[in-house]
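S.K.: Residues per chain, in single letters:
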Amino acid sequence: QKEVEQDPGPLSVPEGAIVSLNCTYSNSAFQYFMWYRQYSRKGPELLMYTYSSGNKEDGRFTAQVDKSSKYISLFIRDSQPSDSATYLCATTSSYKLIFGSGTRLLVRP
Amino acid sequence: DAGVIQSPRHEVTEMGQEVTLRCKPISGHDYLFWYRQTMMRGLELLIYFNNNVPIDDSGMPEDRFSAKMPNASFSTLKIQPSEPRDSAVYFCASSAPWQGSPNTGELFFGEGSRLTVL
Chain L
1 QKEVEQDPGP LSVPEGAIVS LNCTYSNSAF QYFMWYRQYS RKGPELLMYT YSSGNKEDGR
61 FTAQVDKSSK YISLFIRDSQ PSDSATYLCA TTSSYKLIFG SGTRLLVRP
Chain U
1 DAGVIQSPRH EVTEMGQEVT LRCKPISGHD YLFWYRQTMM RGLELLIYFN NNVPIDDSGM
61 PEDRFSAKMP NASFSTLKIQ PSEPRDSAVY FCASSAPWQG SPNTGELFFG EGSRLTVL
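Protein chains in written order, with my numbering: chain L, 1 to 109; chain U, 1 to 118.
Worth double-checking, as some hints may not be accurate.
[To be verified] Quick list of the computed label-pair ranges, beta carbon to beta carbon: (1) L/S26 - U/S7: 33 to 39 Å; (2) L/I18 - U/N52: 26 to 32 Å; (3) L/S53 - U/D56: 38 to 44 Å; (4) U/D63 - L/P10: 23 to 29 Å; (5) U/R85 - L/A29: 30 to 36 Å; (6) U/G3 - L/R60: 22 to 28 Å; (7) U/A96 - L/I18: 30 to 36 Å.
[Unchecked claim] Using 27 Å as the maximum straight-line C-alpha spacing, the simulated DSS-like pairs for lysine-lysine come out as follows: (8) L/K42 - U/K24; (9) L/K2 - U/K24; (10) L/K2 - L/K67; (11) U/K24 - L/K67; (12) L/K42 - U/K68.
[Stated by the list, open to error] Selected chain U positions facing chain L (Cβ under 8 Å, derived; list incomplete): (13) L43; (14) Y48; (15) A88; (16) F91.
Hints listed in this document are in silico derivations from the structure and should not be mistaken for laboratory results. Where a beta carbon is used, it is the ideal one built from N, C-alpha and C, also for glycine.
Just chain U, with the same shape it has in the complex:
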């Protein structure tokens, strides 16, 4: 398996523009997570899905952010309109189903999408 695939790897845009980040999880994984990483705040969970259903979006900073998972092999994170403070590396991660126990924490991360909003 190629691992978690994210695109684009780099995005530079101007304030006010719409940004769409894409993720293809590992086949067979039924949990998908979107994280944001900055120097100031570290790695923050934005939202996660289980079987394509959003379970917890309490980390989404505001209404400008939205995430979808239309099927088991694709998810998007959209920012509209973008602002300079959204500049960060956005990671997508997926994990396998776990039988009868809480998640032991093995998330498989993509290489990230580095977003710069000017």
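This is chain L alone, in the form it adopts within the complex:
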């Protein structure tokens, strides 16, 4: 079993839609959770991070962690074509980041 599981998609939505991206993880010791965004032919870049359970909001983006179910979510409101990218969830084990395989998102104009 992979430590972090993520549906690869692709997920195609119309502009303005609310997008929900999800991951599950296996190790209850994980405490830091991140979402990285990767545009085509670029390296991933940090979008948001949260510590332990709860929500964190940044503009149109909301990250949510439910430690009881080992579930990580990223919500994008009013999605834009510029949000089209691959979104990778990640968590830490000591100093190592463990990534999900990424979900490819396409926002259609």
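Given the structure of chain L, go ahead and fit chain U onto it with the hints provided.
M.R.: Structure of chain U alone, referenced to chain L:
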């Protein structure tokens, strides 16, 4: 700062050849990571360094892979001999020191080196 710089951006080589990928981390960052990304396996950590010292190389697939960090501003990942299954995008990433807490996960990635082994 120019960010993490990787070279070459693209490499096409034949099976059996030696491949060397290079990375210049962001100045002041004391952690350096090498990742490999494929469609099948996603983003996998190969090895990471702290203050130029390899800390965890458990992700290095086999002895054909080796990584060095001779100084704080340069690292190499070498594959010898290369095989078609090594074809992937190899990313280097660096992160800043963190005082008194575990790494919060802000890695700064380069643009990757796309390797094709024929």
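S.K.: Looking back at the numbered hints, which does the structure fail to meet, lowest number first?
M.R.: 2, 3, 4, 9, 11 and 15
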